[in-house]
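Dock chain H against chain D, hints included.
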Amino acid sequence: MKKIIAVMLVAVLLAPCAFAQDKPGTAAAKEFWVFKDKGARENHFVPSGWMGDYGDVKLNDQSTDNPYSGTTCIQFVYTAKRTQGQGWAGISWQNPANNWGSKKGGFDLTGMSKLTFWARGAKGGEVLKFKVGGIGITPKATYPDSTEAEIGPVELTDTWKQYAINVVGKDLSYISGGFAWVATADQNLEGATFYLDDIKFEVDPALKPEGRKQEAMPFYVYADRSSMNNHFIPSGWMGDYGDVKIDQASKEDPYLGDTCLRIIYSGKATQGARWAGMYWQNPPNNWGNVDKGFDLSKAQKLTFWARGAKGGERIEEFKVGGLMGEFSDSDTAGVGPVILTTEWQQYTIDLKGKDMSYIIGGFCWSMNIDVNPDGATFYLDEIKYE
Amino acid sequence: MKSSTNKRSHASEVTGHRLLLLAACGLLLVVCFSGFSKKPRPAVYIKALKNSRYQLIVANRPYIVKGVCYNPIPIGLNQDYDWWSDPYKPWLVDGKLMQEMGINTIRVYRTGENPESVKQVIRDLYENFGIRTILGHWLGFWEYPCPLYGDKEFHERIKKEVLDMVAAYKDEPGVLLWILGNENNYSCLGHVNPWSTEEIDREADPQKQKCLRAKIYYSFINELAQEIHKLDPDHPVALGNGELVMLDAAKQYSPDVDLVACIIYRGKTFGNLFKSLKVTFDKPLLLSEFGADAYDALKQKEAQDMQAFFLEAQWRQIYDNLAAGKKGEGNCVGGTMFEWSDEWWKHNPVDVESLRTHDTASNWSNGSYYFDIEAPKNMNMNEEWFGLVGVSADEKESGIDKRVPRKAYYVIREFWKNPAAKKKTEKKR
Numbered sequence: 002m003k004k005i006i007a008v009m010l011v012a013v014l015l016a017p018c019a020f021a022q023d024k025p026g027t028a029a030a031k032e033f034w035v036f037k038d039k040g041a042r043e044n045h046f047v048p049s050g051w052m053g054d055y056g057d058v059k060l061n062d063q064s065t066d067n068p069y070s071g072t073t074c075i076q077f078v079y080t081a082k083r084t085q086g087q088g089w090a091g092i093s094w095q096n097p098a099n100n101w102g103s104k105k106g107g108f109d110l111t112g113m114s115k116l117t118f119w120a121r122g123a124k125g126g127e128v129l130k131f132k133v134g135g136i137g138i139t140p141k142a143t144y145p146d147s148t149e150a151e152i153g154p155v156e157l158t159d160t161w162k163q164y165a166i167n168v169v170g171k172d173l174s175y176i177s178g179g180f181a182w183v184a185t186a187d188q189n190l191e192g193a194t195f196y197l198d199d200i201k202f203e204v205d206p207a208l209k210p211e212g213r214k215q216e217a218m219p220f221y222v223y224a225d226r227s228s229m230n231n232h233f234i235p236s237g238w239m240g241d242y243g244d245v246k247i248d249q250a251s252k253e254d255p256y257l258g259d260t261c262l263r264i265i266y267s268g269k270a271t272q273g274a275r276w277a278g279m280y281w282q283n284p285p286n287n288w289g290n291v292d293k294g295f296d297l298s299k300a301q302k303l304t305f306w307a308r309g310a311k312g313g314e315r316i317e318e319f320k321v322g323g324l325m326g327e328f329s330d331s332d333t334a335g336v337g338p339v340i341l342t343t344e345w346q347q348y349t350i351d352l353k354g355k356d357m358s359y360i361i362g363g364f365c366w367s368m369n370i371d372v373n374p375d376g377a378t379f380y381l382d383e384i385k386y387e
Numbered sequence: 176m177k178s179s180t181n182k183r184s185h186a187s188e189v190t191g192h193r194l195l196l197l198a199a200c201g202l203l204l205v206v207c208f209s210g211f212s213k214k215p216r217p218a219v220y221i222k223a224l225k226n227s228r229y230q231l232i233v234a235n236r237p238y239i240v241k242g243v244c245y246n247p248i249p250i251g252l253n254q255d256y257d258w259w260s261d262p263y264k265p266w267l268v269d270g271k272l273m274q275e276m277g278i279n280t281i282r283v284y285r286t287g288e289n290p291e292s293v294k295q296v297i298r299d300l301y302e303n304f305g306i307r308t309i310l311g312h313w314l315g316f317w318e319y320p321c322p323l324y325g326d327k328e329f330h331e332r333i334k335k336e337v338l339d340m341v342a343a344y345k346d347e348p349g350v351l352l353w354i355l356g357n358e359n360n361y362s363c364l365g366h367v368n369p370w371s372t373e374e375i376d377r378e379a380d381p382q383k384q385k386c387l388r389a390k391i392y393y394s395f396i397n398e399l400a401q402e403i404h405k406l407d408p409d410h411p412v413a414l415g416n417g418e419l420v421m422l423d424a425a426k427q428y429s430p431d432v433d434l435v436a437c438i439i440y441r442g443k444t445f446g447n448l449f450k451s452l453k454v455t456f457d458k459p460l461l462l463s464e465f466g467a468d469a470y471d472a473l474k475q476k477e478a479q480d481m482q483a484f485f486l487e488a489q490w491r492q493i494y495d496n497l498a499a500g501k502k503g504e505g506n507c508v509g510g511t512m513f514e515w516s517d518e519w520w521k522h523n524p525v526d527v528e529s530l531r532t533h534d535t536a537s538n539w540s541n542g543s544y545y546f547d548i549e550a551p552k553n554m555n556m557n558e559e560w561f562g563l564v565g566v567s568a569d570e571k572e573s574g575i576d577k578r579v580p581r582k583a584y585y586v587i588r589e590f591w592k593n594p595a596a597k598k599k600t601e602k603k604r
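Protein chains in written order, with our numbering: chain D, 2 to 387; chain H, 176 to 604.
If you're looking for bench data, these hints aren't it; they were derived computationally from the structure.
We put the beta carbon where it would ideally sit given N, CA and C, even for glycine.
You may find that some hints are simply not true.
[Stated by the list, open to error] A few chain H residues that don't get close to chain D, going by computed Cβ distances all over 12 Å: (1) A223; (2) R332; (3) L364; (4) P430; (5) H533; (6) N593.
[What the hints assert, rightly or not] Computed, partial: chain H to chain D, Cβ under 8 Å: (7) P381; (8) G442; (9) T444; (10) K450; (11) S451; (12) V454; (13) S540; (14) N541; (15) S543; (16) Y545.
Chain D on its own, in the form it takes in the complex (with noise of 0.2 Å):
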C-alpha cells in the first residue's frame, strides 16, 4: 500500500513538470504531437472517441505498412457498413480516453498555428473530413473544447501527402480533441482503407489567420450521392417529419450523374403538422446555432433539376437561405409553388442583389397536404450556386 502510495505521489509531483515541458508558447515548444507513434511518451491525446458507426471501423495503430516516419503508423479500415445506421463514422483522439467534455484535460496550445499530419489511401480516392478541438461545443458539456477547425472533405492520394489545419487567431487554450477524422457513406460507397501519422501541432510565424473565404462557383448543394462537391447535408426535417423519406442515391433516372435525391411525401400528417419540409443544412442539424455559413457572394442564382413520380405535385416552396438563428443567414430567396411534370425541368432561384455573405441553409423544400392530399413522390437532382 505504502508503495502504491508512493508511486501515486511521484506521478502527481512529476505530472506539472510533464505539462510545463511541452506547454506550448514557450521557446521550447515549437511542437505538441498528438501522435507520433504507438507509445512514444510525446503522445498527448488517445484516438478513443469512435462517432457513427463505430462498427464500421477498425484500427490497427501499430501498422508497419509503410509508415510516413518511425517504424508505425496508424492504418483505418472503414467499411461504411453503416452498422449504426448513421452513414458515417469517425474518431477523435481525446484526453483523457472517452472525454466528450465531462472531465478536464483540455491542453493549452495557445502560441501554435496549425496541426499538421501525414494522410494516405490505400488505393486513393479515400473522402475524409479532419478536425481540431471541437469536443463539447455542442451541445456544451462542462469543460468543452475553446475551438474548433476542419479541412475537407479531402480526397487522399496513394501516396504519402502532408495536410494542414490553419489555427492561427483561434482560441487553443483548451484543447481536448486533438484530431479527428469523419468519412461518409455516401462519399465512400465502398469503404475507405488509409493510414495516418505524425500528427502534430505546430508554430509556423508566418502562417496567417484563415478568413471566411468567398466559396468558387459553381458550389453545389447535391452532385451525386458519392460527390464530395455536396457541401449541404439533407438534416433539417420540418413539420411532420414523419411523413418524409429520402433516398439520397435514387438510380431511377437521374438528370446528370449516377444518382438523383428521391423524397417520398406520405401526407399522413404524422406529426399532426399538415405539411412536412426539409433544409439542407452545414454543419447537419445547423438551425443557426452554429457559426459555419458559407460565403457564396458570388452566386447570382440557385438551379435545380426537379420532376414528380406522377406529375401535378404541388412543392409550396423551393427556398436558400432564412435559417434564422444566434447565426442566422445573411438573406433568402424562394420560387413557388411550383407543380412538377414527370419530365425533368430546370428551376432558378434569383440571387442577384441578395447578400449570400453567409448561408447555413443551403437549400429547402416545403409541402403540404391540403393541395398533396394523397402525398408525393418527387426527384430532385444537380441543385447548385452559379
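Leaving out everything else, chain H in the frame of chain D:
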C-alpha cells in the same frame, strides 16, 4: 487731390447705381420666389437625398421615428374594448412615461369608434407630451369571410372607410402619417386569410395565381395612396407589409406610396433588410413592428435582460441605417417597437379566465430569438410579454393597471440619449 476726389465721387455714384440695381434685382427675386412658394411644404413629407437616402421631415426638421405600437387593453378585457373612450384616459399616464423615455411617436393599428375620442387622444398626446400618432387601417384583413380585394363592393367599402379616417383626422396637428394594412401581403401567397377571384381560380399555375393576387392587392393600395394624397397632401402614406415579401409587385403596382412600413421579427439583426429593400422597392423604410418578448420559454420565467438585449441591438441597426448613419443604407426613418404595454388577452381572447391571467404559453416559434428556442416544440415567442412596460393586476394607478417599466425601457432610453455609446446589454445563454 480734387481730381482724385472727383474720381472717388464718380466711383461712388457708379457703385450706388450698382447697389440700387442689385437691390432691385434682389427684390424681384424675392417677389418671384415668394410667388413660387405660395404652395407651402407639407407638414410631414419624405425628403429624398443622394444615393437613395431618405429623411422624414416634420415641421421643416428631420424626424427620427422613436416609436412604439400602442394598444392599452386593460387586464380582463380583450381586443373588442374601445380604449380610445376609456374614462381613465390611460394615454395620459402612458404619454408621460413615454415622454420621459424619449418616445416621440405611437402607432395604432386602427382608430376607435368615436372620432371625437380619437381626436382627443391624438391631441392629448401631442399637446401634453409632444408625441405624434401614426394611424393605421387593417384594410379588412381580419374580416370574415376573408378579405376580398378583387371584389368591387368590398373594395369600395374599404376605400370609403380609409378616406373617412383620413378626412376625420388629417387636420389634427399630432398626426404623423398613415399606414395601409399590416401583413396583408401574406394573403396574396394564399397562406393567411386566402382570397381569390374567378380569374384567379381559372389560372392553373399557382405562381401566376400569386402574381394576380399581388396585382389586385397592390393596385388597390396604390389607388388608396393616390386618393389620400388628393385629400391630404400633408401626410405621407405608408404601405404596411410583412417582411419584404412581394415588394417586387409593390414596386410595379404601388409606385405612389411614400414609404414602406415593415413588420420584422429577426432577432438581434435585421440582416440584409435595408439593402434588400433598396434593390427591390426603393422607398424609405419605417420599421413599424419589431421587438422581443420578455419571457424565457425555456427557463419559464420573465427575462427582461433578453428583451433589452434584442431591442438595443435592433435600435443600433436602425440608427446605423438612418440617412445620417455612416455604416448603413440611409433609407430608414425609424421604427415603432412592438409594444408599449403587455396585453393579457392575446393568448386566448375568448376565455374570460385567460383575460385575467398573464399567460406564459408560447404562441409561435422564431429561431432568431435564440436564447429560449430550445423550449418544448421550439415554441419560444410569448405574445403577452412584449411590453416595454408590464401591467399590474394588483395595483391601480390613476384608475388604470399600474405600469411597471421593464429593463428595455431604461436601456432604450439611454440609447436614444447617446446612440454612439457602446452597447449596454450583453446577454449570455
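Right, here's what the structure says about each hint:
no.: 1; hint: A223; in the structure: holds (20 Å)
no.: 2; hint: R332; in the structure: holds (30 Å)
no.: 3; hint: L364; in the structure: violated (9 Å)
no.: 4; hint: P430; in the structure: holds (19 Å)
no.: 5; hint: H533; in the structure: holds (27 Å)
no.: 6; hint: N593; in the structure: holds (27 Å)
no.: 7; hint: P381; in the structure: holds (4 Å)
no.: 8; hint: G442; in the structure: holds (6 Å)
no.: 9; hint: T444; in the structure: holds (6 Å)
no.: 10; hint: K450; in the structure: holds (7 Å)
no.: 11; hint: S451; in the structure: holds (7 Å)
no.: 12; hint: V454; in the structure: holds (4 Å)
no.: 13; hint: S540; in the structure: violated (10 Å)
no.: 14; hint: N541; in the structure: holds (7 Å)
no.: 15; hint: S543; in the structure: holds (4 Å)
no.: 16; hint: Y545; in the structure: holds (4 Å)
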